[in-house]
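Q: Model the full assembly from the supplied sequences, consistent with the hints where possible.
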Amino acid sequence: MSQDIALETVTKKFGDFTAVREVALNIRAGEFFSFLGPSGCGKTTILRMISGFIEPTQGVIRIGGQDMRGIGPNKRPTALIFQNLALFPLMPVWQNVAFGLEVRGVAKAVRRKKAEELLATVELADSAGKMVSDLSGGQRQRVAIARALAVEPQVMLLDEPLSALDLKLRQHMRAELRRIQKRTGVTFVYITHDQGEALTMSDRVAVMSQGVLQQVAVPMDIYNDPATAFVASFVGESNVFAGRVTETEGGTGRIETEAGSFVARLGAGVSRGDQALLFVRPEQMHLGAAAEAALNRIHAPFSHAEFEGNFVNVFCGTDGHKPLMSQTRSDPGVLALTPGAPMTLGFESADGVILPAGELARE
Amino acid sequence: MKAVLSRYGTTLTGMMVLATFIWLAVMVVLPYLVMVEFSFRPNLLPADLGTEKDHLTADNYGTLFRNTIHINVFIRTIWGSALATFLCLCVSYPVAYFLAKMATAKQAAVLLLLLVIPFWINEILRTFAWFIILAYNGPLNGVLQMFGFIDKPIRWIYGSNGVIAGMVYAYIVFMVFPVYNAIETLDRNQIEAARDLGASLWRIHARVVLPHAKPGIAVGCIMVFTAAAGSYIVPAILGAPGTRWFTEIIYQWFFEGQNWQQGSAYAFLLLALCIAFVMGMMRVFKVGLADIAK
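Protein chains in written order, with the working numbering: chain A, 1 to 363; chain B, 1 to 294.
Don't read these hints as lab results, they were simulated from the structure.
Derived lysine-lysine pairs resembling PhoX-like cross-links, with alpha carbons at most 25 Å apart: (1) B/Lys101 / A/Lys75; (2) A/Lys130 / B/Lys214; (3) A/Lys75 / A/Lys13; (4) A/Lys108 / A/Lys130; (5) B/Lys214 / B/Lys101; (6) A/Lys114 / A/Lys130; (7) A/Lys113 / A/Lys182; (8) A/Lys75 / A/Lys114; (9) B/Lys101 / A/Lys13; (10) B/Lys214 / B/Lys286; (11) A/Lys130 / A/Lys113; (12) A/Lys130 / B/Lys286; (13) A/Lys182 / A/Lys114; (14) B/Lys106 / A/Lys13; (15) A/Lys168 / A/Lys182.
So the derived label-pair ranges between C-beta atoms look like this: (16) A/Lys130 / B/Trp23: 46 to 54 Å; (17) B/Leu83 / A/Asp194: 51 to 59 Å; (18) A/Arg104 / B/Ala272: 41 to 49 Å; (19) A/Arg179 / B/Ala3: 52 to 60 Å; (20) A/Lys130 / B/Ala206: 16 to 24 Å.
Residues from chain B that keep clear of chain A, each with C-beta distances beyond 10 Å, as calculated: (21) Leu44; (22) Val91; (23) Thr104; (24) Gly142.
In this text, a Cβ means the ideal position worked out from N, Cα and C, and glycines have one as well.
A: Written out as C-alpha cells, the structure is:
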C-alpha cells in the first residue's frame, strides 16, 4: 500500500522568485525520504506541490506513475501532517482521527471503531473521548499521525512535525515515526531543517539550497561523501580551507591554501587550476601521534577546548582566523593545555575532500 | 482606577465618577424606572388620578394578548426579524469568508470600503433609496423589463417583502464584521488539513469553518435581530399597508393614542422578546456574555 513519486524537472515560481528550480528525482515506494535544507530552500514548496495545494510552474509530478496535474489535494493518495499539526480543536480526538472516514461516508459506528484501533496503535487508546486541548504535545503529534493514517494514504507527507517538541520528546518521536513507517510500509516524505532528524530517520536524503537540489543519497554518503560545498558545510561540522588546485592524479589532488599544501580526495567538477574548498571533518582532524603520522599536517597554537562529556572539541589557531577544530576523546592531557601551546594537527588524504567553491566562493 | 487617581487626585476623580454616575442614573436608569412604573398603571383621566381606580395592574401587558391585531403584528415582527437575520447570515457568510481567507489585502480593503460607504448616508435616505428602487415603476422593474426577464412590473413592496429587503441591506455590516472577525482567527492549516483528508467544500465549512465561526455568528444574529425588531424607519418607509411592525404600534400608543402607560408596557414586551432571543442564541450557540462582548 505505497507508491513511488517522480518529480520530473519541477520548477515553481512565485512571481519573479524561483522557489524550486528544475528538481528531478524519484522517491521509491515504501521509502522514508527526507528533504533537508535551511528555511527558504524550497523544501516546503516541494511538499505542497506533492500534496496538491500548489501546482508546479513547469514539470510534472507523478504518484504511482499517475500524472497529478489538475488533481486537487482532496483527490490525491497523500496525507499531509502539518508543522502545527492543524488538529481540529472543536472535535474530540476520535472524531479528528475519523474525519477522513467521515468524509468518505463511513458509518459512525465503523469509523469510531477504526479510530479507536488507530489510536491504540499510537498508544492513545484511552484518549478517544478527550479534546485535543487536553493532550500533551507528543500526544497531539500521535493523534495527527493517526488522523493521517486513517485515510490509508499511499504517501505520507510530513512538514517538520517535530520542530515544536522538546529535545527528549523529539528523539523519542523520531524512533516512533520510523517504526510506524516501517510497519505500515507507506512512503514517507519528510521535510526538515534538522540534519539529525534527516540522518537518523531516512532511507535517503535530498539536500536542497536556494531551490536547487544539491545531492540525493543515503545518509552516510551525505555525511561522508558530500557532492557539493553546500552539503559539506550544511551537514555536520567541517574545517574549511580555501585554495587553488595545483595537481590532480586519479581521484586525489593537491590544493595550495594559506594553511599549507594538502593532498585530499577530489570531488566531482574540480580540475587543475580551479579555486576550490577543502573540507575536513573535526573527528578526522587528529592530534598528537596520529597527527604526526598523517600525510597532511598543520602547525598551530592551542586556543581553547570545549568539554562535551564523551568527547572534547579542541580549537587551534591564531586570533583573526577561523579556528581549526579537532574532535577527540576526553583526555586530561588535552584539557590541561595552556593557550598558545604549539600543536600539530593532521589528516589523511582519504579524509579530506576538495569541492568546487560554488555558492560558498565568497565566504 | 489607580492611575486615574494618581493623575487627577481624589477630588477631580471623585467629581468625574460622580458625574458619570449622575449621567447614568438620570439619563439612563431613571427613565427606564419611570417607564416601568408607567407600564403598571392604568391610563386615567386627570380627574381619576389618586382615586381608587389609580392602582398598580398588569393589565397593560395583557392588552397584547387580547388584541388579535397587535398579537399578529408582534408575531410578524418576530418572524420578520428572524427571517431578515437568517437572510443577512446567508449573504454575509460568503462575504466574510472571502474577506477573511481568500481576498488579497487590496481586495479586502476595497470590499470593506464598499461595505461601509453606504453607511455614510443617513438611514432614512438609504431606506428611501430602496423605496425608489423597489417601486412599481422603479428602476428594478425597469431593468428587468428591459432585459426581458419579466413582461409586466412586479409589486415588490408587498406584505413584508420590502421591509425584509430593506433590513437585510441596512444591517448587513452588523453581520459581516463579527463573522469576519471570527473566521479571520481560524488557522488556514485547518482548512487545508480538512481538504487534504478529502473533505468537499461543503464539509470543510460545515465541520471546520462554521463551528469555529459560531461565536461570531451568534453575535451577528443578536445584533441584526435586535436592530431589526427595534427598527422603526425601515418598516415605516418600506412596509406595505396592513403590514405594520411592532415598533409602529408602540409609536402609536405614545404619540397618537397619548397612552404612555400602554406604550411603556409594549416597549417592555419588545425588550423581553429581544432578551429572550439573546439568551436563546447564547444557549443554542453555547457562547457566553464574554464572547459577545468581544
